[in-house]
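Undergrad: Can you make the complete structure from the sequences, with help from the hints?
Protein chains in written order, with the UniProt record's numbering: chain A, 1 to 504; chain B, 1 to 427.
In case anyone wonders, no lab produced these hints; they're calculated from the structure. Any given hint might turn out to be false.
[Said to hold, decoys possible] The calculated EDC-like cross-link candidates involving lysine to aspartate or glutamate, where the alpha carbons are at most 16 Å apart (straight line), are:
hint, chain 1, residue 1, chain 2, residue 2
1, B, Lys-309, A, Asp-73
2, A, Lys-159, A, Glu-188
3, B, Lys-286, A, Glu-114
4, B, Lys-286, A, Asp-134
5, A, Lys-119, A, Asp-132
6, B, Lys-309, A, Glu-69
7, B, Lys-286, A, Asp-112
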Amino acid sequence: MKLELRGITKRFGALTANDHIDLVVQPGEIHCLLGENGAGKSTLMNVLYGLYRADEGEILLDDQVQKFEGPGDAMNAGIGMVHQHFMLIPVFTVAENVMLGNENTKAGGVLDLEAARTKVREISARFGFDIDPDAKIEDLPVGVQQRVEIIKALSRDAKVLVFDEPTAVLTPQETDELMDIMRQLKDEGTAIVFITHKLREVREVADRITVIRLGKVVGEAEPSATNAELASLMVGRAVSLTVDKADAAPGDDALVVSELTVTDHVGQVLVDNVSFTLKRGEILCVAGVQGNGQTELTEAIMGLQHRVLGSIVLDGTELVGQSTRGVLDSGVGFVPEDRTEDGLVGEFTIAENLMLDRYTSEPFVKAGTLQLDALARFAAEKVTEFDVRAQGIATKVGRLSGGNQQKVVLARELSRELRLFIAAQPTRGLDVGSIEFVHKRIVATRDAGVPVIVVSTELDEVTALADRIAVMYRGRIIGIVPGDTPRDVLGLMMAGETPSEVAA
Amino acid sequence: MIDVRTAPAPGAQVAGSLAVRSWKAPIAFTVFVVAAAILFIGLARDAPTTFRLSNPNDAIQLPELVLPAFATGIIATAIMATITVYAFLRAREARRIPLWVTTVFAIVFLVAFLTWAAAGSTLPMIGLLAGSLTVATPLIFGSLGGVISERVGVVNIAIEGQLLSGAFVAALVASITGNPFAGLAGAVLAGALVSTILASFSIKYLVDQIIVGVVLNVLVIGLTSFLFSTLMTADSATFNSPARLPRISIPLLADIPILGPILFQQSIIVYLMYIAVAAVWFALFKTRWGLRIRAVGEHPTAADTVGIKVRATRFWNVLLAGAIVGGGGAFFSLAAVGSFQKEMTNGAGYIALAAVIFGRWDPIRATLAALLFGFATNLQSTLSIVGSPVPSEFMLMLPYVVTIFAVAGLVGASRPPAATGKPYITS
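TA: So this is what it looks like as C-alpha cells:
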C-alpha cells in the first residue's frame with residue numbers, strides 16, 4: 001500500500017510542530033525520517049496514526065483520501081505503529097496485548113484466547129521469534145517487548161508500518177536483528193517508515209531518506225550520503241561528529257569502589273558485586289542497555305540507595321552510609337539521568353535552580369536568609385559561561401529547551417570544587433549543538449584533573465568520551481576495556497558476554 | 001536472539017544482611033498471643049459455651065457443640081504461641097509465612113474468643129453467619145462498583161453517596177408504586193445518576209476524582225436528609241412505607257445442614273448479589289468488555305492506540321458501577337429496615353472502599369473482604385445480645401478495627417490499576 005502525506009500541518013498553540021510536510025512511501029520501501037529530537041517526526045507520525053488531528057493537509061492511502069477520527073480508524077486502514085514508548089499493558093500477557101482492541105470472541109463476548117495464542121505463534125514463526133504467548137509483558141526484556149509490538153501491528157494486517165525510534169532501547173545486536181526484520185517486512189511488500197536520529201542505522205537500511213528540521217522537510221538524501229552530509233542537513237550547519245580530546249593523563253587513584261551490591265526493597269539484586277577504581281583526570285564510561293544497574297550504581301554513590309553493601313572510597317573518605325548531603329559535601333557533582341524529574345525544579349527560576357544544592361551556607365544563605373544579590377550575580381555569570389539561552393535568570397527552568405535545561409544542571413554541578421563528577425545520560429534528548437557543548441565541558445572537567453564517570457546507553461557517546469569503558473549487564477560489570485574497543489565487542493558485552501569469550 | 005542465560009536471574013534472593021525480612025506477621029501474631037493469654041487465661045471464665053449449629057425448624061438437626069471455655073482458651077493460646085514461634089523462624093530465614101498458617105491462626109483465635117466471650121451461654125452460629133452475610137450484602141455491592149470503577153481508571157469515593165441515594169429512591173419508589181422491585185429499579189437508576197455526575201466531572205471536566213466523590217457524598221447526605229424530613233416524615237404512609245423485598249427459601253439447597261440456612265434462606269437481594277459477584281468476576285477476566293476495562297485502567301494511551309475509546313469506556317462503566325452500588329443501596333430500605341432513615345448507610349460506602357483495596361481490586365477477594373467486615377459487625381451485635389464481658393463500646397469498634405488491621409496490616413503495598421485516578425488527556 002502506498003502512503004502519501006500532503007501538506008500536513010500541526011500546531012500546538014504558538015508552536016508549529018509540523019509545517020506543510022509532504023511525504024510519499026511506496027510499498028516495499030524503507031523510508032527513513034531523519035531529524036533531531038523535537039524536529040517534529042513523532043508529531044507527524046501521531047497525526048498519521050490518528051492520535052493527533054492535523055490542522056491542515058491530508059493523508060492518502062493508495063491515492064484515497066483518509067479521514068482518521070482516532071487510532072482505530074488508522075489501524076483499520078492498514079497502518080501499524082511500533083511506538084517509541086511501547087503501547088503494551090505491562091500486567092497483560094502477550095496474547096492479551098496482541099488481541100486487545102481486535103478481540104476474537106466466542107458467544108457473549110467471551111474472549112477466545114486460544115485464537116490469540118495461535119496468531120502470536122504464527123507470526124512468531126514467520127520471523128523466527130521465540131515468544132511465549134502467555135508470558136506477562138512486564139517479565140519480558142525490552143527487545144522482546146518490541147517484537148510483541150511488531151506482532152501486534154502485523155496481527156492487524158498492517159500494510160504501512162511505522163517504527164518510531166525503535167533502536168533507542170536495543171543493544172547493537174538487537175538493532176541488527178531489527179534491521180533484518182525490517183528488510184524481511186519490506187520484501188513482503190510492506191511500506192515502512194523508520195524514524196530515527198541515528199545516522200549509522202539510516203545509511204544501513206534506508207531506501208530513501210527524508211530529513212526534517214524544525215517541523216519542515218529540509219531535504220531528501222540517498223543512503224549513499226555520508227554521515228557528515230546527513231548531519232549537516234539535520235542540524236542546519238556543519239557539525240563535528242567527533243569529540244576533540246587529548247590523551248588522558250591519569251593521576252592517582254581517586255575513587256575505589258569495592259564489592260558494591262545494591263538490592264531493592266524486595267531483595268532483588270540491582271548492582272551485583274561491582275568493583276572498580278577510577279583515577280584523577282580520567283573518564284570512565286559505564287555502558288550497557290538501560291536498566292542493567294547503571295542508574296542504581298550512580299545512585300548508590302550519591303547515597304540515594306538504601307540497601308547497599310560494600311564500600312565506595314573517595315580520596316580516603318568512605319561514602320557508603322553517608323547522607324546525600326554528606327556525599328555532595330565530599331565534592332561529588334552529579335548530573336542525574338532524568339533532568340526534569342531529578343535534576344531541576346521546573347517551576348523554579350534558573351537562579352533558584354543554580355543554588356538548589358547550596359542552601360546550607362554562604363555565599364547564598366546568611367543567617368537563614370537568601371542572599372539574592374549574590375545569587376543574581378552568580379546566576380548571571382553562569383548563564384553567560386554555560387551559554388544558557390534564556391530571557392534572563394528569572395526565567396522558569398521548565399520553559400527552557402532540553403539543551404538549555406541540561407546546561408543549567410551542568411552549571412550548578414560544575415561550579416563547586418569537585419573531587420568526582422558523575423554524569424548519567426548527559427546528552428539524552430538533546431540537539432546536536434548542545435551535545436557538542438556538554439561533551440566539551442565533560443572533557444574539560446577531566447582535563448582539570450577531576451575523575452569523571454559518564455553513564456550512557458549510546459555507544460557513540462561512550463566511544464567518543466571514554467578513556468576506559470565498563471560494560472554493565474544485569475547488575476554486574478562484565479568487563480572494563482580500553483576506550484578504543486571496537487563497537488561490536490562492546491555490543492556483545494552489552495548482551496552479557498565477557499571479554500574473554502568475545503575474544504575467542 | 002537475546003541471551004538470558006549468562007548472568008544470574010535478576011530475581012535471585014541474596015543471603016546475608018541485605019536479604020529482606022518482614023517481621024510484620026510474627027509481631028502481629030505475638031500481639032494476638034499476648035491478648036489471648038490475658039483474656040483467655042488471665043481473665044478466664046470457667047463455664048461451658050454452647051455452639052448451636054442448626055435452627056429449630058431446620059429439616060436436619062445437628063447436635064450442639066459444647067466447649068469448656070478455660071480449657072479451650074489454654075489450648076488455643078498454646079497453638080497460637082507455637083505458630084508464632086514458627087513465624088519468627090520463617091522470618092529469620094527471610095521466607096514468607098504461608099497463607100494457610102495465618103488462616104489457621106485466625107480461626108483458632110476466633111474460636112477461642114467466641115468460646116470465651118459467650119462462656120455460660122449459647123451462641124446461635126447459624127444466625128451469626130447468616131446475619132453476617134446479610135450485613136455484608138450492601139458492602140459487596142458497593143465494593144463491586146468500586147472494583148469496576150477503579151479498574152477502568154476512576155477512583156470511586158462516592159460509593160457511600162450511591163448507596164444512600166439508592167436506599168432513598170428505593171424507599172420512595174417502592175412506597176409510591178407499592179412494588180419493591182420498582183423500588184429496586186429506582187435504586188439502580190439513582191446510583192447511576194450519582195455516577196453520571198462523578199463521571200462527567202472527572203472524565204470530561206478533569207476535576208480531581210477524590211474531591212468530586214467526597215462532594216457527592218456530602219451532597220447526597222444533604223439532599224436525602226432534607227427530603228426525608230420534609231417529604232417522608234410529613235406523610236410517611238405515602239412516601240416511606242415500602243413493601244419489603246421477599247425473603248425466599250430455595251428448595252433443596254436450603255436444607256443442606258449449616259450452609260443451607262446461611263446461604264439459601266435469604267432476601268432476594270442477596271441472591272442478586274451472588275449473581276452480581278459471579279457476573280462481574282467472569283466479565284472482568286473472561287470477556288472482551290473486561291479486557292478493555294482493565295486495559296483502559298492500566299494504560300489508557302495503549303488502549304487508545306488500539307482503537308479503544310478511552311473516555312467513553314470510562315464514562316459508561318463508571319455509570320454501570322454506580323448502578324450496581326445503587327441497587328445495593330436498596331438493601332438498606334427494602335430488606336434490612338423496611339423504611340428509609342436519615343443517613344442510614346452510616347459509612348458502609350467507606351467500608352466497601354476499604355474492601356476494594358483489601359481485595360486488591362478483584363471482585364472475589366473484595367467480596368471476601370466485605371464478608372469479613374460483615375462478620376465483625378454482626379459478631380458485635382450477637383455478642384452484645386448473649387452478654388459478653390467486653391464493654392459494648394469496645395465491641396462497636398470491632399468492624400473498624402478489623403478494617404484498619406486488614407487494610408494497613410495485611411495488604412501493605414498492593415498495586416492498584418496503574419492509571420486509576422488519572423484523567424486521560426490528549427491533544
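Undergrad: Decide, hint by hint, whether the structure agrees.
TA: Taking the hints in turn, this is what the structure says about them:
1. Lys-309(B) - Asp-73(A): This hinted pair holds, its Cα atoms lying about 11 Å apart.
2. Lys-159(A) - Glu-188(A): Satisfied, since the Cα-Cα distance of roughly 10 Å is no more than 16 Å.
3. Lys-286(B) - Glu-114(A): Holds - the C-alpha atoms of Glu-114(A) and Lys-286(B) are around 12 Å apart, at most 16 Å.
4. Lys-286(B) - Asp-134(A): The given pair, whose Cα atoms are some 15 Å apart, holds under the 16 Å limit.
5. Lys-119(A) - Asp-132(A): 12 Å, holds
6. Lys-309(B) - Glu-69(A): Holds: Lys-309(B) and Glu-69(A) sit about 11 Å apart, inside 16 Å.
7. Lys-286(B) - Asp-112(A): 9 Å, holds
When held up to the earlier numbered hints, the structure conflicts with none and fits them all.
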